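Participant: Chain by chain, the residues run as shown.
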Amino acid sequence: METLKFDLDTKPLREVNQFLHGDAGSLNGKKIVIENPNGAHNVAVGLKADVDVTIKGHAGYYAAGMNQVAKVTIEGSAGSGVAENMMSGVVHVKGFASNAAGATANGGLLIIDGDAGLRCGIALKGADIVVGGSVGSFSAFMAQAGNFVILGDAGEGLGDSIYEAKLFVRGTVKSLGADCEEKTMNAEDKQILADLLKKSGHADVSPDSFKQYGSARTLYHFHVDNAGAY
Amino acid sequence: MCGIVGLLVRNPKMRDSIGELMLPMLIGMTERGPDSAGMAMFGAPVAADARKFSLYAGVEDFNWTKLGHDFEKHLNAKAKVEPKSNHAVLTTTLEPETVKIWLKEHYPQLHLLSVGQLMDIYKDVGTPAQVAARYDFKNFKGTHLVGHTRMATESAITPAHAHPFTAGEDWCLVHNGSLSNANSLRRKLQFEGIEFETDNDTEAACRFLQWRMREGDDLKTALNHGFEELDGFYTLLMGTSTELALVRDPYGCKPAIIAEHDDYVAIASEFRSLAHLPDIKNAKVFEPSPKEMYVWKL
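One line per chain: the protein sequences are A and B, in this order.
According to the UniProt record's numbering, the first sequence is numbered sequentially starting from 1.
According to the UniProt record's numbering, the second sequence is numbered sequentially starting from 1.
Please keep in mind that the hints were generated in silico from the structure rather than gathered at the bench.
Honestly, I wouldn't trust all of these hints.
Stated by the list, open to error - Cβ-to-Cβ under 7 Å is the rule here; a few derived chain A residues that face chain B: (1) Gln18; (2) Gly39; (3) Asn42; (4) Ser98; (5) Leu118.
What the hints assert, rightly or not - Heads up, simulated DSSO-like pairs for lysine-lysine below, C-alpha to C-alpha not over 27 Å straight-line: (6) Lys174(A) <-> Lys100(B); (7) Lys291(B) <-> Lys94(A); (8) Lys284(B) <-> Lys94(A); (9) Lys281(B) <-> Lys5(A); (10) Lys48(A) <-> Lys174(A); (11) Lys183(A) <-> Lys125(A); (12) Lys11(A) <-> Lys281(B); (13) Lys71(A) <-> Lys199(A); (14) Lys220(B) <-> Lys31(A); (15) Lys31(A) <-> Lys11(A); (16) Lys100(B) <-> Lys13(B); (17) Lys198(A) <-> Lys31(A); (18) Lys56(A) <-> Lys284(B); (19) Lys48(A) <-> Lys31(A); (20) Lys174(A) <-> Lys291(B); (21) Lys284(B) <-> Lys188(B); (22) Lys188(B) <-> Lys94(A); (23) Lys56(A) <-> Lys100(B); (24) Lys71(A) <-> Lys291(B); (25) Lys183(A) <-> Lys94(A); (26) Lys56(A) <-> Lys5(A); (27) Lys291(B) <-> Lys138(B).
What the hints assert, rightly or not - Here are some chain A residues the structure puts well away from chain B; computed CB gaps all over 10 Å: (28) Asn36; (29) Asp115; (30) Gly201; (31) Pro207; (32) Phe222.
Treat the numbers as computed from the prediction; the structure is a model and nothing was measured.
For each residue, glycine too, the CB sits at the ideal point set by N, CA and C.
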């Protein structure tokens, strides 16, 4: 596989991103290494080709945002909004991720080996997220679809106003948000969890050590008892 | 937006180059705060019975020599005045109250930015690079510092509205965020006899902590009261004579990142301000949790 190296100390980020936005046909199968990201924002955003991008260090805000097809590995930490609105592909953060990781992501897989900040997976729309550490408060807020695996603990208000996303937590949950409740894990859910653990390098972790959470569906429809409030 | 930076140098050999280490940190936060910048620098202490007064004149051609002469003539006491552009540090053994009253009477146009034995404050409008060059931040020497780059959202762009703010001797605070109840806090504190210099929301937070500590709280207790009473978003970085302290609001709305190394502790709004620090690859880099107080001592 052909490997191309870009050094952000000497090459402007815009040029690197424009190269990555080139014709998918000629980019497919390429391996790209980005050195010295040094916390720059918007590294490798909007990729649409089947490329394998490695960011060698800490990335700033919105790294690998809107990703499609590509595989992006961040060898350090990621700032706010990593893989936000991802459509497909894989984004792997080897360090920790700041707030709103995987926000509104529609598809693909986001793997965070360390902790994630607040509001991880907010408004999740179908992507899968696996966090090796713990997640901050208000994670999975209004999460609509997708699967969200947390190997550590969850902060306050997990899954507030959640729709049909599935949450799997191995550690403790500080508090559940409105309309989020513990579910019984059925065989199908357990298979989803086992597959995600395997895909994210946690094959040694038993799905039985997790609890599942989801929507109690009490906020789905207007309740006539609340009519007096209007 | 706004940017904050803090640096505490643990390795005594590196303290003479704290200014050089800090400069790219401050400039790295230019996009977060391009309109003003400020720096509180904790350097060598003055004599045990003396204090430093950081003064800001607002005009380039202020006659600092005359101020020194007037001070010595009127008050019959020695004063050392070290000007740097439109700022100066006045050192004297007179009581702070005496100095403050004298300044107010004879030089009402001057702003008193800080009082202390270690801390000097410089703050002004301009890009971080311009402000740093104006006051020669690069050649600062000392143990720790607290800096800020401002993007004003709620009050005017003037040197007085720039950060850091102070709330006591050798005590300063910078803020990234905004407070929605700054006006009601100000009214409440004015009723308690706390004086304000600006309508800035950060000053309200600073004076709130000043009031709590006046009432006997230690910093931690004062900040716990702050969690209840400060309504808004904030990452606050504070400096005292011996430590740096950091808190983020309970919703973690505003960022911060920390690098702990054997030689130093560095704090910034974003990693890009830490990337250049020596041996950063071996530092422990992490994000502080919301509603938790982090303290680093010299």
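Participant: Run every hint past the structure and note whether it holds.
Facilitator: How the hints compare with the structure:
Because the smallest distance between the Cβ of Gln18(A) and any Cβ of chain B comes to about 20 Å, over 7 Å, the interface hint for this residue is violated. For Gly39(A), the shortest C-beta to C-beta distance to chain B is roughly 3 Å, which falls under 7 Å, so the interface hint holds. A least Cβ separation of about 12 Å between Asn42(A) and chain B goes past the 7 Å threshold, and the interface hint is therefore violated. Restraint check, Ser98(A) versus chain B: the minimum CB separation of about 6 Å is within 7 Å; hint holds.
Because the closest C-beta pair between Leu118(A) and chain B is about 4 Å apart, less than 7 Å, the hint holds. Taking the CA atoms of Lys174(A) and Lys100(B), the gap is about 50 Å. The hint is violated against a cut of 27 Å. Among the hinted pairs, Lys291(B) with Lys94(A) is consistent with the structure: their alpha-carbon atoms are about 26 Å apart, no more than 27 Å. Between Lys284(B) and Lys94(A) the alpha-carbon distance is near 14 Å, which keeps this suggested pair within the 27 Å criterion.
Note on Lys281(B) and Lys5(A): the hinted pairing holds, with a Cα-Cα distance of about 20 Å set against a maximum of 27 Å. For the given pair, Lys48(A) sits about 38 Å from Lys174(A) by alpha-carbon distance, which is inconsistent with the 27 Å threshold. For the suggested pair Lys183(A) and Lys125(A), the alpha carbons sit about 20 Å apart, so the restraint of at most 27 Å is met. In summary, the hint linking Lys11(A) to Lys281(B) is supported, as the alpha carbons are separated by about 21 Å, within the 27 Å threshold.
Under the criterion of a C-alpha separation no larger than 27 Å, the hint pairing Lys71(A) with Lys199(A) is consistent with the structure, at around 13 Å. Taking the CA atoms of Lys220(B) and Lys31(A), the gap is near 50 Å; set against the 27 Å cutoff, the hint is violated. With a C-alpha separation of about 18 Å, the suggested pair Lys31(A) and Lys11(A) falls inside the 27 Å cut-off, and the hint holds. The hinted pair formed by Lys100(B) and Lys13(B) fails the criterion: a straight-line CA distance of about 37 Å is larger than 27 Å.
Restraint check: the Cα-Cα separation between Lys198(A) and Lys31(A) comes to about 24 Å, which is no more than 27 Å; the hinted pair holds. The straight-line distance between the Cα atoms of Lys56(A) and Lys284(B) is roughly 17 Å, inside the 27 Å bound, and the hint therefore holds. The hinted pair formed by Lys48(A) and Lys31(A) meets the criterion: a straight-line CA distance of about 14 Å does not exceed 27 Å. With a C-alpha separation of about 15 Å, the suggested pairing of Lys174(A) with Lys291(B) holds against the 27 Å cut-off.
Taking the CA atoms of Lys284(B) and Lys188(B), the gap is about 41 Å. The hint is violated against a cut of 27 Å. Between Lys188(B) and Lys94(A) the CA atoms are separated by roughly 48 Å; this puts the pair beyond 27 Å, and the hint is violated. Under the criterion of a C-alpha separation no larger than 27 Å, the hint pairing Lys56(A) with Lys100(B) is inconsistent with the structure, at around 54 Å. Note on Lys71(A) and Lys291(B): the hinted pairing is violated, with a Cα-Cα distance of about 35 Å set against a maximum of 27 Å.
The suggested pairing of Lys183(A) with Lys94(A) is violated, with an alpha-carbon distance near 30 Å, which exceeds 27 Å. The straight-line distance between the Cα atoms of Lys56(A) and Lys5(A) is roughly 11 Å, inside the 27 Å bound, and the hint therefore holds. A hinted pair counts as satisfied when its Cα atoms are at most 27 Å apart, and Lys291(B) with Lys138(B) does not qualify at roughly 33 Å. At roughly 8 Å, the least C-beta separation between Asn36(A) and chain B is not larger than 10 Å, which violates its mark as non-interface.
At roughly 8 Å, the least C-beta separation between Asp115(A) and chain B is not larger than 10 Å, which violates its mark as non-interface. Against the 10 Å criterion, Gly201(A) stays outside the reach of chain B, whose nearest CB is about 21 Å from its own CB. Every beta carbon of chain B lies more than 10 Å from that of Pro207(A), the smallest distance being close to 28 Å; the non-interface claim holds. No beta-carbon of chain B is positioned within 10 Å of the beta-carbon of Phe222(A); the least distance is around 29 Å.
Of the numbered hints given earlier, the model fails hints 1, 3, 6, 10, 14, 16, 21, 22, 23, 24, 25, 27, 28, 29; all others are met.
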